[in-house]
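Protein chains: 4
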Amino acid sequence: MVIVLKSNSSESSIKDLIAKVKAKGLDVNVSQGSEHTIIGLIGDTSIILPEDLQSIDIVDSVKRISEPYKKANRKMHPGDSMIDVSDRIVGEGRFHVIAGPCSVETEEQIIEVAEDVKKSGATMLRGGAFKPRTSPYAFQGLHDEGIKLLLEAKKATGLPIVTEIMNLNHIDLFADVDLIQVGARNMQNFDLLKELGHCKKPILLKRGLANTIEEWLMSAEYIMAGGNSNVILCERGIRTFETATRNTLDLGAVPVIKEKTHLPIIIDPSHATGRSSLVAPLAKAAVTVGADGLMVEVHNDPAKALCDGAQSLDPTQFDELMQDIKRRVIFENKVLG
Amino acid sequence: MVIVLKSNSSESSIKDLIAKVKAKGLDVNVSQGSEHTIIGLIGDTSIILPEDLQSIDIVDSVKRISEPYKKANRKMHPGDSMIDVSDRIVGEGRFHVIAGPCSVETEEQIIEVAEDVKKSGATMLRGGAFKPRTSPYAFQGLHDEGIKLLLEAKKATGLPIVTEIMNLNHIDLFADVDLIQVGARNMQNFDLLKELGHCKKPILLKRGLANTIEEWLMSAEYIMAGGNSNVILCERGIRTFETATRNTLDLGAVPVIKEKTHLPIIIDPSHATGRSSLVAPLAKAAVTVGADGLMVEVHNDPAKALCDGAQSLDPTQFDELMQDIKRRVIFENKVLG
Amino acid sequence: MVIVLKSNSSESSIKDLIAKVKAKGLDVNVSQGSEHTIIGLIGDTSIILPEDLQSIDIVDSVKRISEPYKKANRKMHPGDSMIDVSDRIVGEGRFHVIAGPCSVETEEQIIEVAEDVKKSGATMLRGGAFKPRTSPYAFQGLHDEGIKLLLEAKKATGLPIVTEIMNLNHIDLFADVDLIQVGARNMQNFDLLKELGHCKKPILLKRGLANTIEEWLMSAEYIMAGGNSNVILCERGIRTFETATRNTLDLGAVPVIKEKTHLPIIIDPSHATGRSSLVAPLAKAAVTVGADGLMVEVHNDPAKALCDGAQSLDPTQFDELMQDIKRRVIFENKVLG
Amino acid sequence: MVIVLKSNSSESSIKDLIAKVKAKGLDVNVSQGSEHTIIGLIGDTSIILPEDLQSIDIVDSVKRISEPYKKANRKMHPGDSMIDVSDRIVGEGRFHVIAGPCSVETEEQIIEVAEDVKKSGATMLRGGAFKPRTSPYAFQGLHDEGIKLLLEAKKATGLPIVTEIMNLNHIDLFADVDLIQVGARNMQNFDLLKELGHCKKPILLKRGLANTIEEWLMSAEYIMAGGNSNVILCERGIRTFETATRNTLDLGAVPVIKEKTHLPIIIDPSHATGRSSLVAPLAKAAVTVGADGLMVEVHNDPAKALCDGAQSLDPTQFDELMQDIKRRVIFENKVLG
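Top to bottom, those sequences are chains A, B, C and D. Those letters in the first sequence? Residues 1 to 337, by my numbering. Those letters in the second sequence? Residues 1 to 337, by my numbering. Those letters in the third sequence? Residues 1 to 337, by my numbering. Those letters in the fourth sequence? Residues 1 to 337, by my numbering.
So that you can see chain A by itself, here it is in the shape it has in the complex (with noise of 0.2 angstroms):
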């Protein structure tokens, strides 16, 4: 970390701020410019924020160096993660595909879906319980029996399942739930990281909106602090100006979180575009871009579909996507699942 000081901070208060950086254990680099003194810190500075720096009044800028975060930190960790999802491997040259309903609806629904995508070749199935909606009118999802249902599915067709968790008093509902979806609206909800931290279940931690790279390894950072190393990152879009889809997805956070980070990434071409018709292309594009799978909506009947329908494939659209990622998966060298 570096500190700039402001141009006519005094000696004695250059000193202070030496002496209470020492006293947090840090050793300092003092070097003189012509108009600015700058300090650099040595050590271990994770356990400061810049803005508390800040607030001294000589502090004219501070500028992070080292990483924040250091267990999700490629530095300390320079092979690739490979996640164990109920004995499917995520990372390391495996492509997965996360399919189905945005909601889980009725057994007849999820069960065909479930079978569908997995004739198509998706590896796990994904279904809503518990839903997050900005309405409070609209419908919240089946909940608990939602996860009976997913379970019911995960039966017939032996596919592992992924699902959202929106309240850190469900962990005992996700037991046998395979891979604990944490959404974009709750990536920073910290107390509900904390508890998952805790936990030994695969996590697959959605960006948030609006947050930056660095944020979204932090809320990672939180879980595995914990002593939960197994999360799975997931890019969705993040919030702009352009209104032609829901969101903007950033497929250049693909190779920016590769040098950054272990972790395994898929990216969500649904949620992010918000229209069907823009998900095979940005679904191939994943899979060029360097991403470990992919997550997308698949609804038997789009049209019917309770809740996000319009970027639901149905599944012939699915079984066209399929057939078409398969052939690129090869092409990179990969493996499907």
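A couple of the hints might just be wrong.
The list cannot tell twin chains apart, which means a pair is met if one copy fits it or any two copies do.
To be verified - Restricting the straight-line Cα-Cα distance to at most 35 angstroms, the calculated cross-link-like pairs of lysine-lysine (DSBU-like) are:
#: 1; residue 1: 75; residue 2: 63
#: 2; residue 1: 200; residue 2: 15
#: 3; residue 1: 118; residue 2: 24
#: 4; residue 1: 334; residue 2: 15
#: 5; residue 1: 70; residue 2: 15
#: 6; residue 1: 6; residue 2: 75
#: 7; residue 1: 118; residue 2: 20
#: 8; residue 1: 201; residue 2: 22
#: 9; residue 1: 119; residue 2: 194
#: 10; residue 1: 22; residue 2: 148
#: 11; residue 1: 6; residue 2: 334
#: 12; residue 1: 118; residue 2: 70
#: 13; residue 1: 6; residue 2: 148
These are computed hints drawn from the structure, not numbers from a lab. Everything numeric in this text was worked out from a predicted model, so none of it was measured.
Following the hints, complete the assembly by docking chains B, C and D onto the known chain A.
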């Protein structure tokens, strides 16, 4: 709600769509344009999310005309709401200043700050006990001990206390807190909002970093739908491309909110800008633009603050600001507190 | 275009509004909802801007249904446009790679880079002669001397040349340039666009930093309305809150553009990310997502580049990328160049 | 400027970098951290863009410490600049209100509006002659005829006139215009800025839709570097994700600008919000926050305005606003005009 159909929609599929809409208890008005058929929905459309209709393949686009919020809507409640915070009224001609440190640190600190800000004219005391920090390694607050210290400061000064809740299991801990704050990162933590809807406490609902005004009002609606109408809104800056300030304070949100809802709104210039030198000019502008109050960070030793010190005023700066604010409140024909 | 009226509009003011609209040669379709009257406009609404109708006091909101662009609209021209750049065809099954340095510096430099990128498979040469720099004190390009050097490099290699225009008085200077680039900062320099509409040269129109896809197509429409249909679009990243990359590359814009317009689109991953390590993964993804080409910065000595070196590939890196791109172009059943 | 080197940089490459920097006439200060070597540049760093240094492969990141603008920098000119607009002084204790229609339409219209706004207290007259419109099919202004009409209105009222330039060839046409406006879309039309740097006219430089405050000041620097120091800044809203207002007015930019530069700044609440009902509250807040003036759209018949009518006040609304503004200007110890 207006549904614009694609230009080549078949008569039978249009009939199907109309039937579905009528099945939800709504009536329709069909008008045939040169290129597009347009269907207007008649009745209570708050149960429908536009994205759900988008799923139907003949639908080109959907435009909401009536607002999706009901209890928060000024149309349903033309007069300004007055929220009772332990016998202090927020709204309608009153102007409140909530002041105090980012974090509660020690009994001496919080009581000293409380006495200082009270002397200067603050009408409520703020202080963080549970702190949402981006890093798991940074100070997270004193937790229940912090609330205990706030209650000591309340006993010493009589000021109602305001502090942030991050966990729905903590509601009992907040039994003696006068105004419960929901932070920006939890604005769409719907399970927390629902839980707060079942208590009677006044809630200070901060706007999310990248949430629209409509989403913010829908989050207020979540609390109100549960039976708790005591919601005060707080604008605290939104995330934009600009880096000269931490966030961009959206003062234009105040007159927009005043048109759309009867709920009071206050401004937090400290978190919005992240720089103490910008707090005073924006605090003054907040009075002028029609806000019902301010939330300002004050620390008795900003340079020693455990978090977010850069944006804190010291008691002298706060006192100067308050002398100015008092004149402005009078100028606006309002009353402090 | 659909006009939603305020709920309390008087019959006479509605009649006035209808009369005004009819005076512009449009017909109307009035439908009476429960709360709102809705007026649909029938005819060519491209002459009306929604914000102009907003002015009328009984108007609640206005929604455009037909796109405001005509010549750029795919509805008017369902097949893909093929743009002829000095006998090289852009669009429809061809994939072009425009490569070269940010700035033209010396004859040796530009000829060496031109020969290098040609050998690797680039189909056009880029190089900046007039450079838009944020600082008046930074290097601004070699100007007409730069164009002369580009023409030398064209003579040496046969590659068509692409370079940016910043001033409508320079069109004559660009007489021998094969493809004239309009930079992001000039995307809404309407006087420049109008002037380019009167020449017959192909134009490479970059998307503005914070412009929507609709605004971008309207800028293409400016050029086309003047009589010049030879427009190629270039996505180069949009400005968002994220700071890990210089801009956020919006690859989802490619399938959106393919739906809305018949014009070709290419991708510039160099300016989008500002970091050379991210160029290759995003260039590959651009092929996959359906772009018609790439624009890539290549410098024979990136560390010595006079501008924007951080994002430049050296000739060896570019050659590696091109070998990979060639395989991908074949995979997509397209032809390079 | 501080250069942070990558952790594994060789001694010889560090020496090379230092030699390059010294060759540009700068001195360096090297400090060795635990992980990173840091090089501080000493001297006038305005000739270097950080992105140029990023190109060097041993460079991890570059941080500017001194601002890149010199003539616009308050450090070089601690007192407020006073800009003379045909004998009206802008800045330092004066508050100006520039009012008038979006577009000049007829002689009757512009003279009537000019007389109205003068009567209410406006100190300058605005009116668009050259209009930047997103659509080539929309009304583009009366051009030189519009300027002629503005000059008629000036003759009738004595009010200095303000109107927008879009084309560097038009400078002669603007010979009698008192204050030349550069619109948001041309803020980085550097050739136009350079040309305006060579005339002596005062320039009203609007902030670009998505430009940072630093970029805005660099555009002012372009004009000033050419020899024209008569620059007035105008904040008119920035583009964000929020859709309730056309743009988000960044009132926090006013105190930031006051810290960084000596140039005056005015606020345009009309374009920022796009809705007339929001103009008054934000205009009042602009006085409070420390702006040096306002630019407000007033039309004698907003419902008939040829452009942008939604945001225009009628003369009665403007008169009410001005009576209020006058009281506020006095409250701030300033003088109108």
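Hint-by-hint comparison with the structure:
Taking identical chains as interchangeable, the C-alpha atoms of residue 75 and residue 63 lie at most 35 angstroms apart whether they share a chain (19 angstroms) or sit on different chains (23 angstroms). Taking identical chains as interchangeable, the C-alpha atoms of residue 200 and residue 15 are never at most 35 angstroms apart, the minima being 46 angstroms within one chain and 50 angstroms between chains. Taking identical chains as interchangeable, the C-alpha atoms of residue 118 and residue 24 lie at most 35 angstroms apart only when they sit on different chains, with a minimum of 34 angstroms there against 54 angstroms within one chain. For a Cα distance limit of 35 angstroms, the shortest separation of residue 334 from residue 15 qualifies neither inside one copy, at 56 angstroms, nor across copies, at 43 angstroms.
Proximity of residue 70 to residue 15 under the C-alpha cut-off of 35 angstroms is found in both arrangements, the shortest distances being 30 angstroms within a copy and 31 angstroms between copies. In this homomeric assembly, residue 6 and residue 75 come within 35 angstroms of each other (Cα to Cα) both inside a single copy, at 33 angstroms, and across copies, at 13 angstroms. In this homomeric assembly, residue 118 and residue 20 come within 35 angstroms of each other (Cα to Cα) only across copies, at 31 angstroms, whereas the closest approach inside a single copy is 59 angstroms. For a Cα distance limit of 35 angstroms, the shortest separation of residue 201 from residue 22 qualifies neither inside one copy, at 39 angstroms, nor across copies, at 44 angstroms.
For the identical chains of this complex, residue 119 and residue 194 are neighbours neither inside a copy (37 angstroms) nor across copies (40 angstroms), given an alpha-carbon limit of 35 angstroms. Taking identical chains as interchangeable, the C-alpha atoms of residue 22 and residue 148 lie at most 35 angstroms apart only when they sit on different chains, with a minimum of 32 angstroms there against 55 angstroms within one chain. Taking CA atoms no more than 35 angstroms apart as the test, residue 6 paired with residue 334 passes between copies only; the shortest distance there is 32 angstroms, against 53 angstroms inside one copy. Neither within a single protomer nor between protomers do residue 118 and residue 70 lie at most 35 angstroms apart by alpha-carbon distance, with minima of 37 angstroms and 43 angstroms respectively.
In this assembly of identical chains, the alpha carbons of residue 6 and residue 148 never lie at most 35 angstroms apart, being 61 angstroms within a copy and 39 angstroms across copies at closest.
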